[in-house]
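Trainee: Note that the protein sequences, when read in sequence, are chains A and B. FYI, in my numbering the residues of the first sequence are 1417 to 1526. FYI, in my numbering the residues of the second sequence are 2 to 111.
It is possible that part of the hints are untrue.
[What the hints assert, rightly or not] 27 Å max Cα-Cα, derived DSS-like pairs, lysine-lysine: (1) B:Lys-57 with A:Lys-1454; (2) A:Lys-1425 with B:Lys-43; (3) A:Lys-1434 with B:Lys-43; (4) A:Lys-1425 with A:Lys-1452; (5) A:Lys-1456 with A:Lys-1469; (6) B:Lys-68 with A:Lys-1438; (7) A:Lys-1425 with A:Lys-1454; (8) A:Lys-1454 with A:Lys-1434.
Derived from the structure by calculation, the hints contain no laboratory data. All values reported here derive from a predicted model rather than from experimental measurement.
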Amino acid sequence: DTEVTQTPKHLVMGMTNKKSLKCEQHMGHRAMYWYKQKAKKPPELMFVYSYEKLSINESVPSRFSPECPNSSLLNLHLHALQPEDSALYLCASSQENTIYFGEGSWLTVV
Amino acid sequence: QKEVEQNSGPLSVPEGAIASLNCTYSDRVSQSFFWYRQYSGKSPELIMSIYSNGDKEDGRFTAQLNKASQYVSLLIRDSQPSDSATYLCAVRNYGQNFVFGPGTRLSVLP
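Sequences and hints are given; from them, build the entire structure.
Mentor: Structure representation (structure tokens):
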């Protein structure tokens, strides 16, 4: 079972809204990721959590705030986003040498 | 210099032919290499991983790695229209950081 579950699948939010993307995995993986993917571009790393601690932050603007409540859950809190933040947000987890993606959350900022 | 490079394509091959996808990487200490397939509007799906020089075969797919040349390829035999997708090469450099190439669009023509 290599399932990473993301909710919601689609989200439309205004620039003044606060919303959250959620991710869950029950594979016992100790590393979890947020990637952002724009159309016709590869996934770009945003954050990595390793053993529930933030280990990589790729200079992401503070309007994106990650949270790892436990080893199975990863959230991405969104506040005061811009239209250019509209993208597919991918959660992933990894064990040893392989990374597995969830189905993604399509975010539209209006 | 980009860390992971691929030809963007599109690469068009007739049904039943061999599709050859190429990837180069810049970091000599990279140890783990992956090929992902991404259909339009979907998340990346792992096809192959390879860690040692040489070939690795899985069904119609063969990954080839040459660390001295910093080159990894994916061959798809007996290409099918359902193989039409974007193929992402990914490299694990250090820690939990997986870096993706820009992807190659493959079109298999019936």
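Trainee: Tell me the numbers of any earlier hints that the structure contravenes, in ascending order.
Mentor: Per hint list: 1, 5, 6 violated.
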